[in-house]
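> Numbering follows numbering that gives the first Met the number 0, in which position 316 of the sequence shown is assigned residue number 315; successive positions increment by one, without gaps.
Hints are computed from structural coordinates only; laboratory data are not their basis. Here a beta-carbon is modelled for each residue, glycine too, at the ideal position from N, C-alpha and C. Any given hint could turn out to be false.
[As the list claims (entries may be wrong)] Quick list of in silico lysine-lysine cross-link-like pairs, DSSO-like style, CA-CA up to 27 Å:
(1) LYS311 to LYS175
(2) LYS118 to LYS389
(3) LYS196 to LYS349
(4) LYS6 to LYS114
(5) LYS118 to LYS138
(6) LYS165 to LYS6
(7) LYS270 to LYS327
(8) LYS311 to LYS327
(9) LYS349 to LYS270
(10) LYS176 to LYS359
(11) LYS349 to LYS223
(12) LYS383 to LYS114
(13) LYS270 to LYS223
[Stated by the list, open to error] Label pairs and their in silico Cβ distance ranges:
(14) LYS165 to ASP204: 36 to 44 Å
(15) ARG18 to LYS335: 50 to 58 Å
(16) LYS165 to LYS201: 14 to 22 Å
(17) LYS223 to GLY66: 47 to 55 Å
(18) GLU181 to ARG18: 56 to 64 Å
(19) ILE374 to ASP249: 16 to 24 Å
(20) ASN301 to CYS377: 52 to 60 Å
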Amino acid sequence: MSKAVPKGWKSDRMGKYIREIKERNVNDEDVPVLSVTNTQGFVLSEEYFDRKVYSKNLGNYKVIRKGQFAYNPSRLNVGSLALLKDYSPMYVVFEALPDIDKEFLSYWLTSNPAKNFIKSSTQGTVRDSVNYPALSFFKINLPPLPEQQKIATILSSVDTAIEITKTVIEQTKVVKKGLMQELFTNGIPGRHKNLKKTFIGKIPDEWEVARLEDVAKVQTGIAKNKNVKSKNCMILPYLRVANVQDGFLDLSEVKHVSVDENDVKRFQLQKGDVLFTEGGDNDKLGRGCVWEAQINPCLHQNHIFAVRCSSKISPRYLSLYAASPRGKEFFLNSSKQTTNLASVNSTQLKSFPIPLPSLKEQVQIVSTLNTISNIELCGNACLKALSDIKSALMQGLLTGKLRVSITKNLN
């Protein structure tokens with residue numbers, strides 16, 4: 000945070016603008032018990048922890064009301080602070096006084112200047128802790144109240160756009176899921192008159208059900224810790240599970256591995272390979288995407304399967320079907336399950352049953368699903384842009400580097 004105070008602003012202790020609230024639920028009323036999280040703000044405790052972790056007797060719990068703030072003194076350094084916009088946990092509770100706009104304060108407390116103060120002020124041995132007296136001594140550069148309100152309005156409008164974009168993305172996913180179910184069951188609309196029952200469910204009469212091993216070759220990957228002593232050792236990039244996301248690749252960090260020159264062909268990826276993850280968390284199971292040879296040559300780890308399609312099946316059709324409700328259900332039911340983890344081996348993957356239309360219809364199904372996938376991609380790109388805009392605005396507006404004009408009718 001800059002030591003210079005912007006023109007028209009004042010620098011003071013936060014304690015001048017906030018007041019600690021110590022109201023407790025002395026009548027032991029049956030009220031919601033909330034937890035403060037660093038990503039979601041206030042959440043119902045039982046929903047967040049999936050169980051009741053609070054005391055049966057709520058008489059000693061603090062009460063927080065609409066428009067007040069609360070934070071966990073042992074987790075303020077990781078952002079566990081929130082403004083209750085709609086109402087009781089054992090946290091530090093405080094409220095904004097009339098000279099500071101509570102929405103502005105809410106944004107300031109999540110800004111880099113506030114984070115830097117928190118980081119430099121934390122105390123304690125096991126967990127860094129910020130009690131209320133320490134919080135009240137934080138220095139804050141504060142614009143006049145009308146400017147605070149204008150800043151809060153601007154940032155709030157971006158937040159609204161972010162929430163709307165998130166809603167659009169989630170709705171697009173719902174529509175995509177339903178469309179997948181329709182296309183992989185009934186085919187292209189108007190194309191087929193009759194359906195037949197198969198062990199994977201109903202499909203058009205003209206389609207077949209093929210196991211993956213009948214239409215593709217499954218290639219296993221290189222072991223990460225394989226000791227290569229050959230004089231012909233090569234260092235090459237290789238893909239890990241972290242690189243293979245659900246329907247796309249994250250190549251922001253690609254690591255390298257030692258491999259014998261004679262083994263390169265065995266583990267090398269080819270353009271059009273469909274990449275499947277062996278497992279991990281349940282949401283990572285069987286997720287895959289098509290390799291477009293973005294890096295060449297490139298190998299793959301043994302926790303990733305490279306599926307090389309024959310002329311009978313389109314790589315993109317296979318990738319999309321694996322991501323469909325039916326596809327995900329197969330991997331989940333076939334996997335070896337442990338606590339929150341699941342995995343499939345190459346034998347199970349080879350047995351993956353796939354509804355198989357003609358190549359022409361496969362291409363049409365892919366084209367139809369790509370249309371809605373592109374909408375989802377645009378939504379994600381828009382969400383990232385809005386998040387970047389918000390970060391830049393917070394950095395500028397909350398430090399005074401970017402000033403706003405105040406109209407006379409703003410009170």
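> Which of the stated hints cannot be reconciled with the structure, identified by number in ascending sequence?
6, 16, 20
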